[in-house]
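S.K.: Chain by chain, the residues:
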Amino acid sequence: MPFIPHTEDDTKDMLEVIGAPDLDALFDEIPADLLIDSLDGVPPGLNEMQITRLMHDRAARDGAPLCFIGAGAYEHHIPQAVWDIATRGEYYSAYTPYQAEASQGTLQTIYEYQTMITELTGLEVSNASLYDGASGLAEAALMTVRSNRRNKSGRILLAPGVNPTYEKVATVIAGSQGITFERLPVNSVSGNAAASLDVDESPVAVVIQQPSFVGTLEEVDRLTNWAHERGALVVAVVNPTSLALLKAPGHWGEEGADIAIGEGQPLGVPLSSGGPYFGFMTCKQKQVRQMPGRIVGRTSDLEGEPGFTLTLQAREQHIRRSKATSNICTNQGLMVTAATIYMSLLGYDGLRQVALRSYESTARLTDGLTAIKGVDRMFEGPHFHEVALRLDRPVAPVLEALAERDILGGYDLSIACPELGNALLVCATETKTDADIDLYVAALKDILTEENRRSA
Amino acid sequence: MSELPGDLLYTSDHEWLRREDDGNVTIGVTDHAQAALGDLVYVELPEVGQDVEIGGDMAVVESVKAASDVYSPIDGTVVAVNEDLADDPERANADPYGDGWIVTVQPSGDIDESALLTPNAYQELLDEEEV
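So the sequence lines, in the order shown, correspond to chains A and B. For the first sequence, position 336 (counting from the first letter as 1) is numbered 336 according to our numbering, and the numbering increases by one without interruption. For our numbering, count along the second sequence from 1 and bump the result up by 1000.
The hints are simulated quantities; they were obtained by calculation from the structure and are not laboratory data. Given the structure is predicted, the values throughout are model-derived calculations rather than measurements. A couple of the hints might just be wrong.
What the hints assert, rightly or not - Within a straight-line C-alpha distance of at most 30 Å, the following computed DSS-like cross-link-like pairs (lysine-lysine) qualify:
#, chain 1, residue 1, chain 2, residue 2
1, A, Lys323, B, Lys1065
2, A, Lys284, B, Lys1065
3, A, Lys247, A, Lys168
Start from the sequences and build out the full structure, keeping to the hints where you can.
M.R.: Shown next as structure tokens:
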């Protein structure tokens, strides 16, 4: 099926007008030695029937295991209405709203999203979203360097609980621009930042994740004040569901965090093997001109009627080019639409219920699992909906054994954080019933005692 | 026909300079520049105390359709910025050579006037650009 509407005659006519002999001539400035004839290793195309069959067979291998994995992406119940509405043609195909008069629906949806996210994070302005939480950290890092011009160190300190994958992504994106990321010292009992935080040189910014990657709750007020006292900006990396229970970044410490970013997936976006997700970013009004991404503003038209439009576009690449705040020229429109509908349907009370039920499920799961010999909590202190557990043996084989019973037991921390030893991060959201939790506990007990018996 | 005061010096990037009695230099953008940009919505000012280099980035003037860099015409240190532009950037449109001044710089050495344009030379540049 052709995706280009021109007929051969159309193409011939256009070539005649511009005086080109054929389509290849339009690419003749590409050196001949860079051209290829074929794509080796790419098999011939399949027709619709064949590909449908192939994908069906592949999909059947997925199964439907019980998922207790968190670590940055969380399984929450998505009301049916969210995707019923989001997949309507008007939303599903709407994209770049550069032509304001033809995009009022999209623009208003994004404006509502921006409003909700600023309220949730306790800050003043939001952009129209970024790709994901990880690239959000990179953008925030670059933003702090631009905003905090007095500090030329390029040094950004990360609290111990910042997601290690986010750090890797931020290093790849921002590392070649003279920005270095270092970790604050850790208190191994709490899993959080150490009591004593001596640094030689003041950093540009301090990044604090709440809840932390290992499920603990960080002392956000102390760290925020510590950073501000040293002239550093504060970047908060937060879970949106948790904000229905925890203090919003805008209220951290005396002055509040300066920038908040995070992964928006928990708000109505399915896990779908890692994506698409979306990153949210909010900040204080005084930083708005340094914020990357699109921003939708509310205004009035020539007749005085309310309307919406992209605003502050002079920050963006298509106007400012190499001096733009970022080269992002998109936003995760569809995911943001879904998130906005999700937040509207749940409301503040609904989101709070999801958060509370998730916390309770995790507490119940933790109690059940730590009652098993060989399983202990890794860190003291409160948690939200994830807890790091120490096992008395390597984690990977245990997870394999659980997987055979159709249970995805958690995230193997011993890979990402080898200093923690045999550590497993478990998560139970509101989707896990008491029966699900009992099943996991019984299965793990079985697996650990069976192994004990075998090796005895 | 844009306004062109005879007591100022100019640059090919459409900035003007005025030497003050105390040796400092006040800088802004010309009438031609403000007309080309359209109504300014924002001016990004440098920090007082910041060092600037000849030809280096010093400020940014932003209208709805463009954001233009303002380069320093001399080497020196920023001693004053026009804070009024924060609330009222359109001053630079209404009165580009007066209330719309942007930065005052203390030169770090002698100013190389051969690198700058007299009013006549700047006018010639404008005439050429219009052709």
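S.K.: If a hint holds in the structure, say so; if it does not, say that too.
M.R.: Hints and how they fare:
Taking the CA atoms of Lys323/A and Lys1065/B, the gap is near 15 Å; set against the 30 Å cutoff, the hint holds. Distance check on the hinted pair: Lys284/A and Lys1065/B sit about 25 Å apart at the alpha-carbon level, within 30 Å; holds. For the hint pairing Lys247/A with Lys168/A, the CA-to-CA distance comes to about 27 Å; that is within 30 Å, so the pair holds.
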